[in-house]
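Engineer: The chain contents come next:
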Amino acid sequence: MMKVIYILIFSLLTLGSYAQGLKDVRINEVLVKNLTNYEDDYGDRSSWFEIYNTGHARIKLGGCNIQATMIDGTVVNYQIPVSDKHAEIAPLSYKIFYCTGTDYKGTYYTNFKLDNIKSIALYDASGKGEPIDKVDIIIGDQVNDVSVGNKKVDNEVIFTTLSEVTPGSTNETGYMKPKSVKFLEHDPTGGAMAFTAILVVFSVLCSLFLIFKFIGVYMVRLAHKKGVKSKGANMSADKTSTSELRAHNGEEVAAIAMALALYKEDLHDKESTVLTINRVARAYSPWSSKIYGLRQNPRK
Amino acid sequence: MLEMVANSAFLSFLGENLQQFYQFTGFANITWGHVIMICVGLGFLFLAIKYKFEPMLLVPIGFGIILGNIPFYPGMDVGIYEEGSVLNLLYFGVVKGLYPPLIFLGIGALTDFSALISNPKLMLVGAAAQIGIFIAYSAALAFGYTGAEAGAIGIIGGADGPTAIFITSKLAPDFLGAVAVSAYSYMAMVPIIQPIVMKLFTTKKERLIKMKPARPVSQTEKMLFPIVGVLLTTFIVPSAIPLLGMLFLGNLLKECGVTKRLAITAGGPLIDIVTILIGITVGASTQATTFLTPKSVGIFVLGACSFFVATMGGVLFVKFMNLFLSEENKINPLIGNAGVSAVPAAARVSHDMGLKYDKSNYLLMHAMGPNVAGVIGSAVAAGILLGFLA
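For the protein sequence lines, the chains are A and B, in the order given.
Heads up: the first sequence is residues 44 to 343, going by the numbering used here.
Heads up: the second sequence is residues 5 to 394, going by the numbering used here.
Pulled out of the complex, with its shape left as it was, chain B reads as follows:
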């Protein structure tokens, strides 16, 4: 008899504990928002693995979205917004703008600016493509976003993930997830979005323009570029020091010839580590409760407009430049899209489009010029936004 009582007490104790355990599981706390966001994360993984759309970024971000939207009982110190949790500590690098400059260091160490140095007028294309940022800024203001929020939305048009994250963390931290996901999504969709705009604003004759081969660039010029670049750009826009400073430092490490090990680290293990951290934390920051809002939808719509206008700005500016250039110096407007940065995806799009119309028209190296100029241009534009709005 006593044994039976003891057994029933144990069973009720076990039942209570199981019920309590269930309350802590994801199944007890799930909402439709979580389901939608997990599907978005799975979608990112699918695009990255199946179609190889920016897999280095979309895999960590997609996985981060899934991690950030696993439902849990609040107060367990596991969520990204719960102070002291592991994800929260890693997210510190995003909130304080630590990761983007480190990524820029790596980008600098990986980038060859020869194409730009050999044909420096292509820098202007990189400047023209930044128009998308400011058109989107104006549009966001018209839709009722605050000045700081509009600045964060506008930067999506720069098509530069680290810059977008850096600016948003300073101007509108609440929009971080939406802006980052939007920026990286559009960057991944560069091969889909940009050809439409490029076709729309160019004639067949223009697409067939063959550009003069670039002149060889000496090592001295390559070394001078980051030094002159950092002095000039940061003196004019000091608020862009973290991004441009690191970009040019990385490039100097690569080009100076005496810091090979540092350049390899910056362009290899360091950028890989930071990319994983930034991807996973930005993805995890898209928790359904903060992400699934009408404002996020607005961010995606305005981000797309910004991207569209930026591409258009680059292409049209090349056409404008061609009005003043001699026949042999004419630029193929198909490289105008590369001014939006998105290195090197945008340049690859120019190359593929060029080959589509003429099998012997190789535009990749020409497009790399505006492409890297776009990185500098978007960082300068970001500095201006910070200077005016932060």
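In isolation and in its complexed conformation, chain A is listed as follows:
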């Protein structure tokens, strides 16, 4: 029973994260009349639209539906093949769909064209309910090689005519404020930065502290356990050595070690005149063997 509950929870969580991920996808740019602009993988120029993943997670697109509503009201649905395991969009990345009406060409080629388009909508795998994103296109307003797309105007994102066609990249072609400038606009005194950063530094080191506090306690217990075991085994022999060890604290051990080190150094100085003769042993190796050297007389 518990296993079923776990599986259900896991499935719900997975579905939740999938749905949450899809909600980050936007239809970002559409070029209806492509005469001299971007070419597809076959070297052809066709209408295209671009989707953008605004989130920080990789999103699988397989199974999602793209619905094109034409001026006469007909709706054409294109389902991105579920079988294509590579149909996904990376975080903060773009994907271009070519509206050629020839979906046999590949995953990113739709079964509709944009000649009489009224709107394009992106749906999840069910293809029902509220669309994830939808854009309306007024076909009469479309100009050759001029795209429409999302653009920030007065701090508000609107779907409008773009000054440049930017397939696979941001629509904001003007001056981009550096991150630090944007941050400064919201935090001119640096107070928020100081507070957040100190909080993060503390949380990182606090977590390390807690983990190693726990590990330390565990290790001390383990050592104690081992000590008790060995004590049981050599009760009589251990009695004196344990009490001897306990008698020395860290400082005494350090002092003894220092004394030994000094003694050894002195010993070294005094022994500088002592000649030590070691037996020279040459390990045999065919690589170093003189037998194979050039000093051998060549065979006649």
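Be careful, since some hints might not be right.
[What the hints assert, rightly or not] When the alpha-carbon atoms are kept at most 27 Å apart in a straight line, the in silico DSS-like pairs for lysine-lysine are as follows:
| # | chain 1 | residue 1 | chain 2 | residue 2 |
| --- | --- | --- | --- | --- |
| 1 | B | 226 | A | 272 |
| 2 | B | 214 | A | 256 |
| 3 | B | 100 | B | 214 |
| 4 | A | 76 | A | 177 |
| 5 | A | 220 | B | 100 |
| 6 | A | 177 | A | 156 |
| 7 | A | 222 | B | 100 |
| 8 | A | 225 | B | 100 |
| 9 | A | 222 | A | 194 |
| 10 | B | 203 | B | 216 |
| 11 | B | 56 | B | 125 |
| 12 | B | 125 | A | 268 |
| 13 | B | 299 | A | 225 |
| 14 | A | 220 | B | 216 |
| 15 | A | 268 | A | 225 |
| 16 | B | 226 | A | 256 |
| 17 | A | 76 | A | 161 |
| 18 | A | 222 | B | 125 |
| 19 | A | 128 | A | 148 |
| 20 | A | 256 | B | 216 |
| 21 | A | 268 | B | 216 |
| 22 | B | 299 | A | 220 |
| 23 | A | 269 | B | 226 |
| 24 | B | 174 | A | 225 |
| 25 | A | 269 | B | 174 |
| 26 | A | 272 | A | 256 |
| 27 | B | 216 | A | 222 |
What the hints contain is simulated information worked out from the structure, not anything from laboratory work.
Since the structure of chain A is already known, use the hints to place chain B on it.
Structural biologist: Just chain B, lined up with the frame of chain A:
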């Protein structure tokens, strides 16, 4: 007669060439800025050789300052800012942030985290001392520096040269020389600056606190530390991966027991080579024309404030912790200064100060805890600055 004409033509030819040669010499191109900077370089060498102030760093930096400020005729492809010159190629490692992670690898291979593992609460001291970075950041903003410049200035308070260079190369490359020289100067002056702050914020009774000896740390714990450390810190602050990743890798090489040769290389020849390269190039990047500006003066002033506040933060936080600790577990606030990293100079200062007030109070190993925690803390703080501002 012909011979005389030939001789005079030769002499005028020689004269012209000598004049041309003179135009290429340092004497023809010298300015007061060059003289001042060469004196600064000589000052660094003097401090390093005479007083042994961080000689491993100040000798290459000081020499680099002299090299970078030898006046020359532009276009000879010898200056550090001249594309394709040898110094420029070596400087690539600074600009692209290549050297600091390699230095961190070496630091990791040389550092024993036992003191920290045996008393993990000292990690919090390393965190508290990072306050200097962010106070200096706010102060720099108030003085009109941009956000990125303020971030680069603030990191001086971390008292960690490689981190300061890494962050500045990403946020404000123009300030690289000033920030690096400032950071290393204050690190060299740790024994002068920190005791003043430590005395100011502690009472005599507090300075006499004797800390409990640290428990012995098992090899398993030592091996676990870099693995847990890297997972935890880099998952929270991925922008610090180059620094923390290399620091913990170096430490794992040392502690795992099966990569002795790699640990010796990382903590020996590699760190030495990179230290020489980083020192000489950072020093040479302080060319008078780019270095001697009012902004550089501001960097030095704010850097000093940052250092002061960081030390104060560490000391005061220990006092705060003591409010909650039992009598036998109390921490001597003299080790609070070590939270600013500056390994191991800051820990040595704690030790010396401890001995000054009680000849039997050995604080070195206790101070090494916050000291190495400070290295982790400053790298995390650097990651946050990068994440927010780069």
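Engineer: Could you tell me which of the numbered hints above are not met by this structure, giving the numbers in increasing order?
Structural biologist: Hint check: 3, 11, 14, 15, 18, 25 and 27 fail, others pass.
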